[in-house]
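Each chain is listed here by its residues.
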Amino acid sequence: MFTATDLACSRGERRLFEGLNFSLEPGEWLHVKGENGAGKTTLLRTLIGLSPADEGEVRWRGADTREDTDDYRRAFVYLGHQSALKEELTPIENLRLTLALDGFAADDEHLLDALRRMGLRGRENLPARVLSAGQKRRVLLARLLLRPADLWVLDEPFNALDAAGIALLCTMIGGHLDVGGIAVVTSHQVIPLPRGQELAL
Amino acid sequence: MNTLLVSLRRDLLLAGRRRSEVLTALFFFVVVVSLFPLGIGPEPALLRRIGPGVLWVAALLATLLGLPRLFAADHADGTLEQMALSSQPFVLQLAGKVAAHWLLCGLPLVLLAPVLGLQFGLEGDALVVLMLSLLIGTPLLSLIGAIGAALTLGVRGGGVLLSLLVLPLFIPALVFGAGSVEAQAAGLSVRGHLSVLGAMLALAAFFSPWATTASLRIAME
Chain A
150 MFTATDLACS RGERRLFEGL NFSLEPGEWL HVKGENGAGK TTLLRTLIGL
200 SPADEGEVRW RGADTREDTD DYRRAFVYLG HQSALKEELT PIENLRLTLA
250 LDGFAADDEH LLDALRRMGL RGRENLPARV LSAGQKRRVL LARLLLRPAD
300 LWVLDEPFNA LDAAGIALLC TMIGGHLDVG GIAVVTSHQV IPLPRGQELA
350 L
Chain B
3 MNTLLVSLRR DLLLAGRRRS EVLTALFFFV VVVSLFPLGI GPEPALLRRI
53 GPGVLWVAAL LATLLGLPRL FAADHADGTL EQMALSSQPF VLQLAGKVAA
103 HWLLCGLPLV LLAPVLGLQF GLEGDALVVL MLSLLIGTPL LSLIGAIGAA
153 LTLGVRGGGV LLSLLVLPLF IPALVFGAGS VEAQAAGLSV RGHLSVLGAM
203 LALAAFFSPW ATTASLRIAM E
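These protein sequence lines are chains A and B, in that order.
Quick note: the first sequence uses our numbering, first residue 150, plus one each step.
Quick note: the second sequence uses our numbering, first residue 3, plus one each step.
Hints may be right or wrong, so weigh each one.
[What the hints assert, rightly or not] Just a few of them, taken from the derived set where beta-carbon distance is under 10 Å, the chain B residues facing chain A: (1) 5; (2) 12; (3) 85; (4) 193; (5) 197; (6) 216.
[Said to hold, decoys possible] If you want a taste of the chain A side facing chain B, the calculated C-beta under 7 Å gives, among others: (7) 223; (8) 231; (9) 256; (10) 345; (11) 349; (12) 350.
In short, the hints are calculated from the structure, not lab data.
All C-beta atoms, glycine included, are put in the ideal place defined by N, C-alpha and C.
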């Protein structure tokens, strides 16, 4: 269970939102909508504890996320705007290192399998700088297949993806929800998934 | 501890893919040090007198050269955020990065120092003391520099600000580092100088990772 109570955030002098509430049960997901600059990314960064909230609190399984950070950090995976990919490294090296820094180990078999499921067969050993924006996004999304997490926090995950990629990601989020996961997604797209709540900023 | 090693290996692997950045600092060190004998001329007594100071100042500047890049790339592509959100301690990941910085930027300076010291007529024991002082001093420079790099991350003109911030903090290391070689030349014991350097290193090794972590968390807000 993932809840936010009376959350308020500002960027500089400007109040982005206040009195924001939501509550998500396992299997539910939140679609955060809003104009450019409405504070979608700030909300997500506040939820995961990268930016402090002015007021209010975020609770994960009943515990305040500011106090119980270790359990909380193990529970979620966050994919932001930035790719967090190293241009010099291959997709497989990138994934292996990101997982290792997060305290997870994966053997080459699993890494290759995840990259292939993301449609990157034959690109595993190219440096990431030669990949297109969409392919980089797919490498990033492969983390969702490898890093076990109950909560997915995805900031504009559909950016740069083609139609097949969008369908694939929808299936992945759907599968995550089916096994009792929770997702918070910002997007301007219509996402055809059940059990969704909408939040307009 | 494992986290530290993962982060260290990652930075070494990345440095292996872009060697020019590492070699630039080393080449800078060699060139700056070599300019002094050429500019001053062949006066053995004078060169022997200024040698330790020149080598130490060049080591400070060479360390400084690589510092702005310590966190910049990871900050720009979002890796730093992922590290901060990781279930592993952020402070250990950063300690690994600083260790990698020293292995790539500091240790080569220590190994090159005796070769360059020969140009100044330094010999035997003086070279050993010079190497020892740099061996203790360069990790100290990396640790102090990391705090400066974290504080100036994402600031416009951060490179210049970083120099202004960090160079004064390097002064104690310079005084006791170069001083140890001079003490040896004067026939005094070098243990005092090296002990003070070692004490500063121990302090920095304990506090610097925490200060760096706190600065980076603020930079990412």
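Note to self: Given a cut of 7 Å on the nearest C-beta pair, is the interface hint for residue 349 (chain A) held or broken against chain B?
What the structure shows: Since the shortest Cβ distance to chain B is 25 Å, the answer is violated.
Check: Taking the closest Cβ pair, is residue 197 (chain B) under 10 Å from chain A?
Finding: 37 Å, violated
Next item on the list: Under 7 Å, Cβ to Cβ, is where residue 223 (chain A) needs to be relative to chain B, so tell me if that hint holds or is violated.
Entry: 4 Å, holds
Notebook entry, point to check: Quick one, is the residue 350 (chain A) hint okay against chain B at 7 Å, beta carbons?
Noted result: 19 Å, violated
Check: Taking 10 Å as the limit, does the beta-carbon of residue 193 (chain B) come near enough to a beta-carbon in chain A?
Finding: 41 Å, violated
Note to self: Less than 7 Å between beta-carbons is the criterion; does residue 231 (chain A) satisfy it with respect to chain B?
What the structure shows: Interface hint status for residue 231 (chain A): holds (3 Å vs cutoff 7 Å).
Note to self: Would the hint on residue 12 (chain B) be counted as holding, given a Cβ-Cβ threshold of 10 Å to chain A?
What the structure shows: Holds. Min distance 5 Å.
Notebook entry, point to check: Once the shortest beta carbon distance from residue 85 (chain B) to chain A is found, is it less than 10 Å?
Noted result: 6 Å, holds
Notebook entry, point to check: Is the interface hint for residue 216 (chain B) satisfied, with its Cβ closer than 10 Å to some Cβ of chain A?
Noted result: Result: violated, 14 Å to nearest chain A Cβ.
Notebook entry, point to check: Does the nearest C-beta of chain B fall within a distance shorter than 7 Å of the C-beta of residue 345 (chain A)?
Noted result: 24 Å, violated
Check: Minimum Cβ distance from residue 5 (chain B) to chain A below 10 Å?
Finding: 7 Å, holds
Checklist line | Per-residue hint verdict: residue 256 (chain A), partner chain B, C-beta under 7 Å | finding: 16 Å, violated
In summary, the numbered hints that this structure violates are 4, 5, 6, 9, 10, 11, 12.
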